[in-house]
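Peer 1: What follows is the residue order along each chain.
2 protein chains.
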Amino acid sequence: MFKTIEWLDRGVRMIDQRVLPTREVYKTFRGYKEVAGAIQDMVIRGAPAIGVAGAMGIALGASKINTEEIKAFTKDFKKIVRHVAGARPTAVNLGWAARRMEALFEANKDKPTAEIKKILIAEARKMHDEDVLINKKIGANGARLLKKNSTVLTHCNAGALATAGYGTALGVIRGAIEKGKNIKVFADETRPFLQGARLTAWELKKDGIDVTLIADNMAGHMMQQGLIDAVVVGADRIASNGDACNKIGTYTVAVLAKAHKIPFYVAAPLSTIDMDIKTGAEIPIEERSIKEITHMAGKRLAPTGINVRNPVFDVTPAKLITAIITEKGVVKKPFKAGIKALFEKKKKKKTGNKK
Amino acid sequence: MFKTIEWLDRGVRMIDQRVLPTREVYKTFRGYKEVAGAIQDMVIRGAPAIGVAGAMGIALGASKINTEEIKAFTKDFKKIVRHVAGARPTAVNLGWAARRMEALFEANKDKPTAEIKKILIAEARKMHDEDVLINKKIGANGARLLKKNSTVLTHCNAGALATAGYGTALGVIRGAIEKGKNIKVFADETRPFLQGARLTAWELKKDGIDVTLIADNMAGHMMQQGLIDAVVVGADRIASNGDACNKIGTYTVAVLAKAHKIPFYVAAPLSTIDMDIKTGAEIPIEERSIKEITHMAGKRLAPTGINVRNPVFDVTPAKLITAIITEKGVVKKPFKAGIKALFEKKKKKKTGNKK
Numbered sequence: 001m002f003k004t005i006e007w008l009d010r011g012v013r014m015i016d017q018r019v020l021p022t023r024e025v026y027k028t029f030r031g032y033k034e035v036a037g038a039i040q041d042m043v044i045r046g047a048p049a050i051g052v053a054g055a056m057g058i059a060l061g062a063s064k065i066n067t068e069e070i071k072a073f074t075k076d077f078k079k080i081v082r083h084v085a086g087a088r089p090t091a092v093n094l095g096w097a098a099r100r101m102e103a104l105f106e107a108n109k110d111k112p113t114a115e116i117k118k119i120l121i122a123e124a125r126k127m128h129d130e131d132v133l134i135n136k137k138i139g140a141n142g143a144r145l146l147k148k149n150s151t152v153l154t155h156c157n158a159g160a161l162a163t164a165g166y167g168t169a170l171g172v173i174r175g176a177i178e179k180g181k182n183i184k185v186f187a188d189e190t191r192p193f194l195q196g197a198r199l200t201a202w203e204l205k206k207d208g209i210d211v212t213l214i215a216d217n218m219a220g221h222m223m224q225q226g227l228i229d230a231v232v233v234g235a236d237r238i239a240s241n242g243d244a245c246n247k248i249g250t251y252t253v254a255v256l257a258k259a260h261k262i263p264f265y266v267a268a269p270l271s272t273i274d275m276d277i278k279t280g281a282e283i284p285i286e287e288r289s290i291k292e293i294t295h296m297a298g299k300r301l302a303p304t305g306i307n308v309r310n311p312v313f314d315v316t317p318a319k320l321i322t323a324i325i326t327e328k329g330v331v332k333k334p335f336k337a338g339i340k341a342l343f344e345k346k347k348k349k350k351t352g353n354k355k
Numbered sequence: 356m357f358k359t360i361e362w363l364d365r366g367v368r369m370i371d372q373r374v375l376p377t378r379e380v381y382k383t384f385r386g387y388k389e390v391a392g393a394i395q396d397m398v399i400r401g402a403p404a405i406g407v408a409g410a411m412g413i414a415l416g417a418s419k420i421n422t423e424e425i426k427a428f429t430k431d432f433k434k435i436v437r438h439v440a441g442a443r444p445t446a447v448n449l450g451w452a453a454r455r456m457e458a459l460f461e462a463n464k465d466k467p468t469a470e471i472k473k474i475l476i477a478e479a480r481k482m483h484d485e486d487v488l489i490n491k492k493i494g495a496n497g498a499r500l501l502k503k504n505s506t507v508l509t510h511c512n513a514g515a516l517a518t519a520g521y522g523t524a525l526g527v528i529r530g531a532i533e534k535g536k537n538i539k540v541f542a543d544e545t546r547p548f549l550q551g552a553r554l555t556a557w558e559l560k561k562d563g564i565d566v567t568l569i570a571d572n573m574a575g576h577m578m579q580q581g582l583i584d585a586v587v588v589g590a591d592r593i594a595s596n597g598d599a600c601n602k603i604g605t606y607t608v609a610v611l612a613k614a615h616k617i618p619f620y621v622a623a624p625l626s627t628i629d630m631d632i633k634t635g636a637e638i639p640i641e642e643r644s645i646k647e648i649t650h651m652a653g654k655r656l657a658p659t660g661i662n663v664r665n666p667v668f669d670v671t672p673a674k675l676i677t678a679i680i681t682e683k684g685v686v687k688k689p690f691k692a693g694i695k696a697l698f699e700k701k702k703k704k705k706t707g708n709k710k
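Protein sequences, first through last, are from chains L and Y. Okay, so the first sequence: first residue is 1 according to the working numbering, each after it adds one. Okay, so the second sequence: first residue is 356 according to the working numbering, each after it adds one.
The hints are simulated quantities; they were obtained by calculation from the structure and are not laboratory data. Check each hint, because a few of them may be wrong.
Said to hold, decoys possible - Straight line, CA to CA, 25 angstroms or less: simulated DSS-like cross-link-like pairs of lysine-lysine:
{"#": "1", "chain 1": "Y", "residue 1": "LYS561", "chain 2": "L", "residue 2": "LYS258"}
{"#": "2", "chain 1": "Y", "residue 1": "LYS613", "chain 2": "L", "residue 2": "LYS319"}
{"#": "3", "chain 1": "L", "residue 1": "LYS291", "chain 2": "Y", "residue 2": "LYS654"}
{"#": "4", "chain 1": "Y", "residue 1": "LYS674", "chain 2": "Y", "residue 2": "LYS688"}
{"#": "5", "chain 1": "Y", "residue 1": "LYS613", "chain 2": "L", "residue 2": "LYS261"}
{"#": "6", "chain 1": "Y", "residue 1": "LYS561", "chain 2": "Y", "residue 2": "LYS382"}
The following block holds chain L by itself, in its conformation from the complex (with noise of 0.2 angstroms):
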């Protein structure tokens, strides 16, 4: 199997998300700076691989800060993690890895620089590990879910590719498939990065998991059929009341599934929900370049002197949504009280890791 992002001594390995499913390239970066640029350029993306990632780079700009005193240190250190956050905009999970990065330090400061490093790094590393650990648990929650012979529609790559491993959406149908259902999976290909297409299709089949491409617009087409039992999503930011921010398109599929009485989830780590906000509504949209959708492959697609509008994610209203899939067990409505419920489940048992 491969691996989305690794720690090596000398930086932080990634797979090229750019260049698959043609090619399995892995590059390695050396700088929290050309960790930030592997973020921001898509090297790798979705909301738990970015969160790692950004701890990755925090810890290896840490590493190589030039100075053994604390307010050098300090002062450089704050530069990293600002540097480091302000790769992306939406996802909840890079703020969230930044200021556990950032909490572990205040805690450590009274430390020499050197054991302040090695802190750091470790955990890095221990996020990353933690991270495959929560996607196995969200996976089993899930599991539950699924009839034994399904099949899942799921919106662009909620997968081991999105992730430190095993996936949110893809690890429900990971868990449900270890479980001994028979699962098949139609990938919406999602415009315009095509994360569906080349991600989630590429992972699904490494695995040997049964997997139907199709083009985002032939979802309704394929529910009217009575093709599709249920949807799994990821997502990037879950709002206090369940209003899940995830990839342009996710709203549609909501719709959709509302329709035709289809079950609609959403898996995703507890560090997806932003509890310091009430609704979707104050979750950013952020908006790519237009090329993404005027240009593939270095081709033009459309003419020139047009508008274009090439927001990243919508919001999922948490009305559309029959569950959410956490790792701490699956909640339905009213999503508030329950999200409220799972924080302090996790509290009480003392598992740490609450922003």
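For this one, chain L is given, so just place chain Y on it according to the hints.
Peer 2: Leaving out everything else, chain Y in the frame of chain L:
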């Protein structure tokens, strides 16, 4: 302005829609097999346009039959009709055009073959000019339905390029603008063939109409943001109950429009209505090469060894349609009675052309 299709004495000239919008290339097809090939290969597409192309292809074929003996001529003529009519399966207009040419032939069989050839050519040219007039009537009828300042979402290309000129769905937009209304357009790019990005955006820009290109999966988000006031699409075949078969993705847009209480209009000539079928369930849905999904501009986008679906059309049930806009008037629910009345009106007026 460009010409989608044109009769020349040396053959049938078409703008090559496969190379738009980057190149404006015209090709002249000198035999009926070449015209059928152009329909098959999507040099020309759009139900009304391929109806006209079919008629011209048949006239062209007939004009080159090398016998004056009517029995042999008939045999060759029927072969030509069968070949051209079989070029694409879903659009009703191709069959409609073929039957019209065949009926005309039957009615004139007693004439010398040189005379028959002239009659067939004149008919094909008449069908071209009729189509433009029909579209202008559709435009005028539909213009009334759009509010003075409004933004219309359209899917695929039901424009001048999909017809002999002016367009059906885009005809409605042109008609409204001619009436002094301020209409802006959102165009779905329409995967996989990108008729929206390549053709709709191109022809609207040529006309100076404000157009914003989006990926198909953004339509829901734009509606959610309150940016869309109405949807107008074309149709490839409409059943006698109002179910409308159109480019894949149209059904998804219709479901979205319903969920957002946005009117959803289908603009099409009577020749698109198939009174022989009761519902859309009887319409065969063409599937085209999966390469349209897995490749773009010669570059592979998806991994090998996966399943791919590529249905070209879907069926929007009549219940999701606010009104069908035809050259004979606007039909609302109940569609069955309204559509029947349209054809009776047509018969009474003796304007001909009913198959």
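Peer 1: Does each hint fit the structure? Answer for all of them.
Peer 2: Here is what the structure says about each hint:
A hinted pair counts as satisfied when its Cα atoms are at most 25 angstroms apart, and LYS561/Y with LYS258/L does not qualify at roughly 39 angstroms. Restraint check for LYS613/Y and LYS319/L: the C-alpha separation of about 17 angstroms stays at or below 25 angstroms, so the hint holds. Proposed proximity of LYS291/L and LYS654/Y is supported: the alpha carbons are some 17 angstroms apart, at most 25 angstroms. A hinted pair counts as satisfied when its Cα atoms are at most 25 angstroms apart, and LYS674/Y with LYS688/Y qualifies at roughly 8 angstroms.
Among the hinted pairs, LYS613/Y with LYS261/L is consistent with the structure: their alpha-carbon atoms are about 15 angstroms apart, no more than 25 angstroms. With a C-alpha separation of about 20 angstroms, the suggested pair LYS561/Y and LYS382/Y falls inside the 25 angstroms cut-off, and the hint holds.
Violation of the numbered hints given earlier is confined to hint 1; every other hint is satisfied by the structure.
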